[in-house]
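Asker: What follows is each chain in one-letter form.
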Amino acid sequence: MLFIEQSKKLSFKKCISDGDLNRFGAFKHVDWIGKPFGSKVFSHKGGFIYLLAPTPELWTLVLSHRTQILYIADISFVVMYLEIVPGCVVLESGTGSGSLTTSLARAVAPSGHVYTFDFHEQRAASAREDFEKTGLNNLITVGVRDIQGEGFPEEFSGKADSVFLDLPQPWLAISSVAKMLKQDGIICSFSPCIEQVQHSCETLRSCFTDIRTFEVLLRAFEVREKKLESWENVDGCSVGSASRKRRQPSAEGCNGVESSVAPSVVVRPASEARGHTGYLTFARLQCLT
Amino acid sequence: MSINKHIEQQSKSNQENNNAQNPRVTWEGCSVLLDINDGDRLAFARLTIGSALKIGNKQCPLQSLIGCAFGSLFQVENGKEGPFLSRIPSNSEGNDLQDQGDSQTVDVSKDNRALVDNNMAQSLTEVEIEELKRQGVSGSEIVGALIANSATFDKKTSFSQEKYRLKKQKKYAPRVLLRRPFARSICETYFKKNPEKIGWLRIDSLSLLLSMANVTANSDVLVVDLLGGMLTGAVAERLGGTGSVCNTHHGVSPYPIDIVRIFNFTDEICKRIVHASLSDLSVSGEHSVESNQPEDLCNATKQSNEDVVCDTSNDHSNSMEEIRITPEDEVLPEKPTSQDKQQPRKAVQAGQKATSEIMNLWRENGFSSLIVAAPNLDAWSIVKELLPLLSFSAPFAIYHQHSEPLAACMRNLQHEKMAIGLQIIEPYMREYQVLPSRTHPHMQMSAFGGYILSGIKICPFEKN
Ligand SMILES: C[S@@+](CC[C@H](N)C(=O)[O-])C[C@H]1O[C@@H](n2cnc3c(N)ncnc32)[C@H](O)[C@@H]1O
Numbered sequence: 001m002l003f004i005e006q007s008k009k010l011s012f013k014k015c016i017s018d019g020d021l022n023r024f025g026a027f028k029h030v031d032w033i034g035k036p037f038g039s040k041v042f043s044h045k046g047g048f049i050y051l052l053a054p055t056p057e058l059w060t061l062v063l064s065h066r067t068q069i070l071y072i073a074d075i076s077f078v079v080m081y082l083e084i085v086p087g088c089v090v091l092e093s094g095t096g097s098g099s100l101t102t103s104l105a106r107a108v109a110p111s112g113h114v115y116t117f118d119f120h121e122q123r124a125a126s127a128r129e130d131f132e133k134t135g136l137n138n139l140i141t142v143g144v145r146d147i148q149g150e151g152f153p154e155e156f157s158g159k160a161d162s163v164f165l166d167l168p169q170p171w172l173a174i175s176s177v178a179k180m181l182k183q184d185g186i187i188c189s190f191s192p193c194i195e196q197v198q199h200s201c202e203t204l205r206s207c208f209t210d211i212r213t214f215e216v217l218l219r220a221f222e223v224r225e226k227k228l229e230s231w232e233n234v235d236g237c238s239v240g241s242a243s244r245k246r247r248q249p250s251a252e253g254c255n256g257v258e259s260s261v262a263p264s265v266v267v268r269p270a271s272e273a274r275g276h277t278g279y280l281t282f283a284r285l286q287c288l289t
Numbered sequence: 001m002s003i004n005k006h007i008e009q010q011s012k013s014n015q016e017n018n019n020a021q022n023p024r025v026t027w028e029g030c031s032v033l034l035d036i037n038d039g040d041r042l043a044f045a046r047l048t049i050g051s052a053l054k055i056g057n058k059q060c061p062l063q064s065l066i067g068c069a070f071g072s073l074f075q076v077e078n079g080k081e082g083p084f085l086s087r088i089p090s091n092s093e094g095n096d097l098q099d100q101g102d103s104q105t106v107d108v109s110k111d112n113r114a115l116v117d118n119n120m121a122q123s124l125t126e127v128e129i130e131e132l133k134r135q136g137v138s139g140s141e142i143v144g145a146l147i148a149n150s151a152t153f154d155k156k157t158s159f160s161q162e163k164y165r166l167k168k169q170k171k172y173a174p175r176v177l178l179r180r181p182f183a184r185s186i187c188e189t190y191f192k193k194n195p196e197k198i199g200w201l202r203i204d205s206l207s208l209l210l211s212m213a214n215v216t217a218n219s220d221v222l223v224v225d226l227l228g229g230m231l232t233g234a235v236a237e238r239l240g241g242t243g244s245v246c247n248t249h250h251g252v253s254p255y256p257i258d259i260v261r262i263f264n265f266t267d268e269i270c271k272r273i274v275h276a277s278l279s280d281l282s283v284s285g286e287h288s289v290e291s292n293q294p295e296d297l298c299n300a301t302k303q304s305n306e307d308v309v310c311d312t313s314n315d316h317s318n319s320m321e322e323i324r325i326t327p328e329d330e331v332l333p334e335k336p337t338s339q340d341k342q343q344p345r346k347a348v349q350a351g352q353k354a355t356s357e358i359m360n361l362w363r364e365n366g367f368s369s370l371i372v373a374a375p376n377l378d379a380w381s382i383v384k385e386l387l388p389l390l391s392f393s394a395p396f397a398i399y400h401q402h403s404e405p406l407a408a409c410m411r412n413l414q415h416e417k418m419a420i421g422l423q424i425i426e427p428y429m430r431e432y433q434v435l436p437s438r439t440h441p442h443m444q445m446s447a448f449g450g451y452i453l454s455g456i457k458i459c460p461f462e463k464n
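From first to last, the protein sequence lines stand for chains A and B. All residue numbers for the first sequence refer to the UniProt record's numbering, where the first residue is 1 and numbers rise by one. All residue numbers for the second sequence refer to the UniProt record's numbering, where the first residue is 1 and numbers rise by one.
Here chain A stands alone, though its shape is the one from the complex (with noise of 0.2 Å):
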C-alpha cells in the first residue's frame, strides 16, 4: 500500500482532480496520511475529492501557468518521435512552466537526464522549485541561458540524443543543436506560427535530413445515455415538451402511450475543442561518412 508522505503534500493536493478545492470545503491533511491512493476523502462540510497518485499528465493539469504550455497530445509526440528511452540525454529550451520538462524526464528515467534552459531568471526558478516538489530534480537540471543568442553549453558537445526547442526564433538555435546531437540524433521544433516553421525549416535543411512537420490535436467525445423514441410514439406536443424539460426525455408522450424503449449509450464528438496548439517540426542531424 502506498502512503503520502507529509512533505509532498503539497504537490498531491494540487493534483487532486474535482475542481477547486476550496468549493469543497475545508480538508485536513492529517486525515489523509495513510489512506491508500485513490481514496474519496471528505471536508467537513461534506464535500469530497479523490486523493491521486501524481503523474506527469495530471501535473500538467493543475500547474501553474507561467508560460503558453504543451498539453499531452503533443507531448505524447514529442516523446514518441524523438526516441526517448531511459538513459537518453534530453536538452530543452525554454523551460516555459515545465510541462514537456516532466514527460521528458519520465522518459529518461532512471538512468537519463533532462537539461532546460530558459533565458527568464524567474521562470527557471519557479520550475526548478516545481521539480524539487514533485521530486523529479535527480533528473532535470534547470539552467539560466540565452538559448537563442548563445546556444548551448558546450560541454554538452556530441552528447544529445534529442534536443526540443519551443522558442519564438528556432532558427537562431539550430546551429548550435546540430553540435550538441548525437549522429543520426533528432530535434524537435514547436511552433504556433506557420511562418516559425517556414524560416525553421529553411535553416534546418543545412544539416538535417527527414525534416517533417505535424498537426496533432485530440477530439473528446460525449457519451450518455438516451432513450431514443420510437417515431410512432411521438408527436408534435410531446416534441415542444421534451425540447423544454432538460435531459430526461418523459416516459409517456402526451397520447399516453408508455416509451417502449431502453436507454441506449450514445456518443458524439464534443461541441468544442482545442483547434490550434503549434505545429511540430522533427529532422534528423545528416549523417556524414
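Don't read these hints as lab results, they were simulated from the structure. For glycine and all other residues, C-beta sits at the position ideal for the given N, C-alpha and C. Incorrect hints may appear among the rest.
Once the Cα atoms are required to be at most 35 Å apart in a straight line, the calculated DSBU-like pairs of lysine-lysine come out as [as the list claims (entries may be wrong)]: (1) B:Lys54 to B:Lys163; (2) A:Lys182 to B:Lys417; (3) B:Lys197 to A:Lys182; (4) A:Lys28 to A:Lys40; (5) B:Lys167 to A:Lys182.
Under 10 Å between C-beta atoms, here's a sample of chain B residues computed to sit facing chain A [claimed, not checked]: (6) Ser72; (7) Gln75; (8) Ile424.
Given chain A, put chain B with the ligand in place with the hints provided.
Answerer: Same frame as chain A, now just chain B with the ligand:
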C-alpha cells in the same frame, strides 16, 4: 552530476551490458529498417553475412551495412558480380519534390504546354541500358545518359526536370536508407504497409496510450496486446530493462508478439517481457504454488536444448526474417547457416511465462497501469476483469477502432464507481509540406487513428 560524469557512467553501464541500450551503429545480427527510395518501399531485415535484399530481380547483399551508423544512405551500384550497396553522403535531395500539385504555381519561366508525352521521347532502349549495367556503368551515369537522350527534357519546367531525374534515379540507382527499428519507425512502417496487423493503431494513438498509462522505468504494466507485439514492444522500450510488461490472455495460449523481435532489445529488456493468463493472475496468493509448474517445464526445455528457441506454448513467433510487411514487400530469408549461428546467442527470449515470484509481487502491489489494445473484442469484458488487478489510482488506457464498445465500457465504469477522470478521445494528426511558397497540408492523410478511453482506478467506496 556533470554531463561528462553522466555520460561516462552511461557508457560504462553499456559496456557492462555488452549490448548498448541505445546503439547508433549496426552490428552483425542486428535488426534494421531499410527505407528504399524515400519510403517507396520499407523492409525490416537482420544484418548477417548472408542476408540480402531483393532489388528489381537481383539479390543485393546486406553485409556491407554491418558496422555502419544508423542514418547512413546507400546507393545500389552495378558490380560485375551483381548489384551491391555503396555508401553515399546523405542529402536532403528529393525533399524538395513532394507533390505535383503546385508545380505550375511556382515555375514562372517555363510551362508544360508544349509537352507531349508519347513515350517516343527517350531514344535509349531497355536493351542498351541493360548492356550498360552489365559493363558496370554506375546508376548515376545511366540516369545521366537517359537525360542526355531525352528529347523533351529541355522543354520541361525545372520542377518536371527534377521529377524526371528522380524517377530515373529511383529505377536505375535505388537508394537505401538505414534506419533504427524503434517503436516509432516500426509502428509507422506497419501502419503504412500492413495496418491490419497492428489493429490500425496510428503512431499518435500509440504515443497517447504510453503517456496516458504513465509508462516509465520500474513500472509494472499490464497489457492486452492483440497487435502482434507492437504494444508490448513499445512498452518494453520505455521500461528500458526495468519493471515488467505482462501480456495477459484468457485461456491457455498467450498472444503472439512476433513484432517484439524487430526491436533490438537487450537480454535485460527481453527478460521483462512476460505473459500470464488471467486465471494465473487472479488466483490468490496461496494457490500460486500450482502455477509454478508450467514455468519450470519451460525452463527445463530451455536448459536441455540450448540452441533451440524456447517456444512458450503456442507463442509461435516466426523468426523475424519471415515477417511480411506486405505480400510483395517481404524481407528476404537469410541462408540457414547464418541463422543457426545467430540463434544460440539470443539466450533470453522475450515473452516467457511470468514467474511465480513476480506474480506474487503483482498480487501484492497491483500493476501500476493497464493498456488494452484488442481491436475485435468487447472492451468492458476485458476491463472488468483486469481493473481489479491494478493498484489504486493506477491510470489505464483502452484503444479501440470503434467508439461504441468504449462508450459502453465507460458507462459501466461510471455505474460501478470503479474509475474517475474517464474520457474518450480520438487523436488527429496531419502532416505538412513545408517548402518556400509551397507550404500546405499533405494532400493525402490518414483520416482515422482509433479511439482511446482513459481513466484512473479508484479505491472502492466501502474501504473508506
Ligand atoms: C512557451 S514557453 C515554453 C513552454 C514549455 N514548453 C512548457 O510546456 O511548459 C517559452 C519559453 O521560452 C523562453 N525563452 C524565450 N526566448 C528564449 C531564449 N532566447 N533563450 C532561452 N529561453 C527563451 C521563455 O522565457 C519561455 O519561458
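Asker: Are the Cα atoms of Lys197 (chain B) and Lys182 (chain A) separated by 35 Å or less?
Answerer: holds (33 Å)
Asker: Quick one, are Lys182 (chain A) and Lys417 (chain B) close enough, alpha carbons at most 35 Å?
Answerer: With Cα atoms ~49 Å apart, Lys182 (chain A) and Lys417 (chain B) exceed 35 Å; violated.
Asker: Are the Cα atoms of Lys28 (chain A) and Lys40 (chain A) separated by 35 Å or less?
Answerer: Measuring from Cα to Cα gives roughly 13 Å; hence the hint holds.
Asker: Checking one constraint from the list: CA of Lys54 (chain B) to CA of Lys163 (chain B), max 35 Å. Satisfied?
Answerer: Judged against 35 Å, a Cα distance of about 25 Å means the pair holds.
Asker: Identify whether the interface hint at Gln75 (chain B) stands, where standing means a beta carbon of chain A within less than 10 Å of its own.
Answerer: violated (13 Å)
Asker: Are Ile424 (chain B) and chain A close enough, Cβ to Cβ, to be under 10 Å, as the hint says?
Answerer: Hint on Ile424 (chain B): holds, closest Cβ of chain A at ~4 Å, below 10 Å.
Asker: Next pair to validate is Lys167 (chain B) with Lys182 (chain A); report whether the Cα-Cα distance is within 35 Å.
Answerer: Within the cut-off at roughly 33 Å; holds.
Asker: Does the closest beta carbon of chain A sit nearer than 10 Å to the beta carbon of Ser72 (chain B)?
Answerer: holds (5 Å)
Violated hints, in rising order: 2, 7; the structure is consistent with all others.
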